[in-house]
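S.K.: Chain residues, written in single-letter form:
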Amino acid sequence: DGGITQSPKYLFRKEGQNVTLSCEQNLNHDAMYWYRQDPGQGLRLIYYSQIVNDFQKGDIAEGYSVSREKKESFPLTVTSAQKNPTAFYLCASRDSGSGNTIYFGEGSWLTVV
Amino acid sequence: DQQVKQNSPSLSVQEGRISILNCDYTNSMFDYFLWYKKYPAEGPTFLISISSIKDKNEDGRFTVFLNKSAKHLSLHIVPSQPGDSAVYFCAAAIYSGTYKYIFGTGTRLKVLA
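So the sequence lines, in the order shown, correspond to chains A and B.
If you read the first sequence in this note's numbering, its first letter stands for residue 1, the second for the next number, and so on.
If you read the second sequence in this note's numbering, its first letter stands for residue 1, the second for the next number, and so on.
These aren't lab readings, by the way, just hints derived from the structure by calculation.
These figures come from a predicted structure and were not determined experimentally.
Ideal Cβ positions, reconstructed from N, Cα and C, are used throughout, including at glycine.
It is possible that part of the hints are untrue.
What the hints assert, rightly or not - Covered stretches of chain A, going by a simulated chain B footprint (3 or more residues, C-beta under 8 Å): (1) 23–36; (2) 41–55; (3) 86–95; (4) 102–108.
Bound-form chain A, shown alone:
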């Protein structure tokens, strides 16, 4: 079954702790993205990556970090420096060779307690 898998679906974190959200895709897509959605708001771009070992900051990168060691994986770490980490996080990918549509995973809910 091809697609984008995000895990965990729900995650609780204590203040001051780092947490890593997983995003794996088996679509052989080159580009991958992380977005954040807050209640009643749109999607805001955190980080994106065109190829392995390369990534760029989006509009709200502060307090987040990413890595792209493998084509299929793009994990997002929410660090303790992120002031308002409670949100719905969405990972997406795109086949840069054949289209301009990004496809999303099912999302991960992060709650800081």
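Take the given structure of chain A and dock chain B to it, following the hints.
M.R.: Relative to chain A, chain B alone:
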């Protein structure tokens, strides 16, 4: 500075009638525009897209219109069905080494049976 705006947070339409969702943008460098449908706690689902060199694209019940001079696009759903009730996001793609996607804040559509 919000480059993609959806000024109507919500819209109610009677089943069988037309739903028109609007989106405005400010950056004339956007290459593609996309519409996504989203249910709560799920990832957005791609609906339809349009290149900046076109003014209309149609796919079944969904049609997207682009007015470049007005920097405005709209999604028409005809006929509207109760299953169309969801939040709709417009997105714009701009190329800077790879495509970066900017999303609007969404419009909640409710189709009344």
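S.K.: Now tell me, hint by hint, if it's right for this structure.
M.R.: Comparing the hints with the structure gives:
1. 23–36: holds (count 3)
2. 41–55: Answer holds; 7 residues pass the 8 Å Cβ test.
3. 86–95: Since 4 is at least three, the answer is holds.
4. 102–108: With 6 residues closer than 8 Å to chain B, the segment 102–108 of chain A meets the three-residue bar; holds.
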